[in-house]
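Novice: What follows is each chain in one-letter form.
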Amino acid sequence: MNKDTITFSRPDENTLGVVVGNARRAMTTTARRLGRAASTHRASLGTAFLGLGAAIIVGLRAVYGAIWFASQWGAYPEPFAALAAWIVFAAVLTGAIVMSRVRSDRLPDWMFGLFLAGIVTAIALDVIAVWSLHDIGRYATAALTAGMALLVLVALRGSVEILTASAVLGVGLAVVIFLDAPLGAEASDSAWIATQITAIAGAVLPPVIGVIIIEGFRRMVQIELDRVLVQSTVSAPRFAVGMLASEELARLDLAAEELLDAVANKKTNLPLTPKNASVAAQLATELRLHLIEGRRETWLYHAISESEQLGKSVTLSDKSSLAGLLDATQRDGLLSAAWLLVADVPSAASRRRSTSRTLNLQIGPVLPGTPNVPEHKISIPVTMTSTGVRRNRVDSGVWDAIGRIGRYSDSTQDASLRVDIDCIVDNPADI
Amino acid sequence: MDLISRERDRLLQRSARAYGLTFTAVSALCFALPGAVSFRVLLLGIPFYVLVVAAQVAIGLSRSIWWPLLALAGGNGIVLVVALLDAPPGPAAWLAILNLGAASLASVSLVLTTSPIRIALLTLGGIATVATVVVAEISSPAQALRSAGTVLVGWGLAALITVWISAGVPQVAKRIASIGRAHRAERQASELEAQRRQSARLLHDTVLASLTLLAHSGVGVKPDALRQQAAEDAKLLRQLRLGTVPIPQPAAGGTADGSPASNPNPDDTVLGTTLESVKQRFGRMGLKVSWHGTGQVLLPSDVLDAFLLALAECLENVRRHSGVTEAHVTITDDAKMVRALVTDAGVGFDITDIEATKLGFAESVVGRLREVGGNARLFSSPGSGTTVALEVPRA
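Residue numbers (the numbering used here), protein chains in the order written: chain A, 1 to 431; chain Z, 1 to 395.
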């Protein structure tokens, strides 16, 4: 450490978000940071298995194509070009499948390039083999199977890359077929056109559908991960610090220790330079805020602010931090209900109408004199107000989940669903 | 139904929609080619195609079993129209039928595997589609057989895709659950660690006091005293980092009273010991603190912490704002409460001038005391010093 300099890097964010109003933003940044760290890992979760399925399908298609090729050997003007195409294609496909087994996350760029080059070569050779027959859609075998082979890489490369490659291959095939079209009346023959359309569709559509399935699968994994990570708040104490709060505190403590150590060991001159003094002041302020404000938030606040899904559309008003009193079953029910109401079917149709779903959770205030409350218990009113969901479209799972929180009654008003829940919890004054 | 099954169903529904719609489009394209089918078949076929498209769009949005049923009905309707009015189909119509039967209609099997009724419908749908395709080409048995084979392969492929995706979901769910368990452990560890550090309040109090001094460049304090204070605080922080919760002790010659050995309840700490360390700290910073009253009060550690923190905060205010170098602290106790009066003969101020939101008093003093069931009151006026009355419950 240089003399007279104190290294204390200003933190990017304040995990506690003690500045009122910034809390939400600060916490979601933290959650996002957590998510980023795991994102490379996340993206490949489970997709390797789907990739294996895709490889099997391509393999079956290749066997079918090869049999078809062998059966019409005699019809080929250039059978050896077609054979060469099949050999190139088989090599590329085998290599791709082996590589997809070896590295289950991502194929390096140069291998992807090599794969595409191999496929283009196979297509070119096969097209040469059947060129003089003027009916590529009917006679080409390796070329059409090669187009579909992109499916093998669907889990190993980005969706955009696969779609682009597929589109380019499709357009290329169409152009080649058009150039090879027979002269005269046959070109407008519906049978010929239908054959070419079906051939191109068979080569291009499987990778496209594969991308759609893989994207859906990744989305499903993301949602489930988000839910499971947030689920851990169910067992949190009544008041909790968010994830990383201890890390922040440790970081501040360490910075303070280094600063004090520097002063004690005369590495830093006294009186301090204005710059170092302001570092000390900032450190003191942050440390104070962390110590004072650290546990004013309940598990529910942390759950909502850490979740990508809930954070977007749930607003919470819980002035007295009553959510902390809920037991694990009730918390689980509340979280599941919120989850189902918000994450359920954000359909394309509702997105077009821009009626995104929102959920408002109002917890408390406790009203005195609520009837039918057992001894040593109090009743907390929980009100869920949801917009963008019709009463009859609410999943039955929502009512199961709400039932776990307490007795409830629901009403619908102006396209918003309101559920009043009577949540019976242990009276904290009796403990 | 658990949430991941719901997500899986949604995934399968959307995949079925994409799968179905793309091949319906290919089939419709072949069907609509000039000369593919006769004009009346074209006219009759279009509404059926619209029906198939509508049903396949709906499959993506709704779990209802009626949509795949409707798609199957519409698709088989097209094949039957061709079979009844245009048999035998020309090559283009034949490809339209194959694209429809082997791919577009087969896509419904993605949403027909989750219950016995659905599987029954899947089987019936497959058989019906094969049957209508065979009927359409009955005039040429060899071709009919080949088409039937293609349709069967198409349905088998779609079923294989469904089974494969469905098998992948529990695997990934298991891994996600284990990630969740790890995360829960991490959250608990984080919570515990934060708790440990936060509960080291006395330590942080002296650290904060030193930092505050440094923030004012250490002006007004003897450099040696400040260095000594900094060294002690750095040592305490190091201990905290290495895993213990150190309690600041009076530097030298501290009172032996109330050492842990003679303490009947390990959770309770004698006030006097720690008061002495507070006194020494402020002494180093140039504020002479005089104690009056009892020092032998046992308090639960959290109450003691809050009490001492509030006290130190008051003394810090005296040091900074009062303009005098001496403060008096009087400790009294009765059966229920322990009280402290912090008085100085400084400049004083108008109480209405201090903002309620100012972190100093409201948060650090009143807030901390209320957390443990205590309270604080402030008396002052310009020119006549300041008195703060703090009280906390004994139990």
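Think of the hints as simulated: they come from the structure by calculation, not from any bench. No residue lacks a Cβ here, since even glycine has one placed at the ideal position from N, Cα and C. Each hint should be verified, as a subset may be incorrect.
Here are the computed lysine-lysine pairs in the BS3-like style, where the Cα-Cα straight-line distance is at most 27 Å [to be verified]: (1) Z:K222 with A:K266; (2) Z:K235 with A:K266; (3) Z:K279 with Z:K222; (4) A:K266 with Z:K279; (5) Z:K222 with Z:K235; (6) A:K275 with Z:K222; (7) Z:K235 with A:K275; (8) A:K267 with Z:K222; (9) Z:K288 with Z:K222; (10) Z:K336 with A:K267; (11) A:K319 with A:K266; (12) Z:K235 with Z:K174; (13) Z:K222 with Z:K174; (14) Z:K279 with Z:K235.
Some chain A residues close to chain Z (C-beta under 7 Å, calculated; not the full set) [said to hold, decoys possible]: (15) I213; (16) I214; (17) A415; (18) V419.
Novice: Each hint should be assessed against the structure and marked as holding or not.
Specialist: Structure-based check of each hint:
no. : hint               : verdict
1   : Z:K222 with A:K266 : holds (14 Å)
2   : Z:K235 with A:K266 : holds (15 Å)
3   : Z:K279 with Z:K222 : holds (17 Å)
4   : A:K266 with Z:K279 : holds (25 Å)
5   : Z:K222 with Z:K235 : holds (20 Å)
6   : A:K275 with Z:K222 : holds (20 Å)
7   : Z:K235 with A:K275 : holds (24 Å)
8   : A:K267 with Z:K222 : holds (17 Å)
9   : Z:K288 with Z:K222 : holds (14 Å)
10  : Z:K336 with A:K267 : violated (50 Å)
11  : A:K319 with A:K266 : violated (48 Å)
12  : Z:K235 with Z:K174 : violated (46 Å)
13  : Z:K222 with Z:K174 : violated (63 Å)
14  : Z:K279 with Z:K235 : holds (19 Å)
15  : I213               : holds (5 Å)
16  : I214               : violated (10 Å)
17  : A415               : violated (19 Å)
18  : V419               : violated (19 Å)
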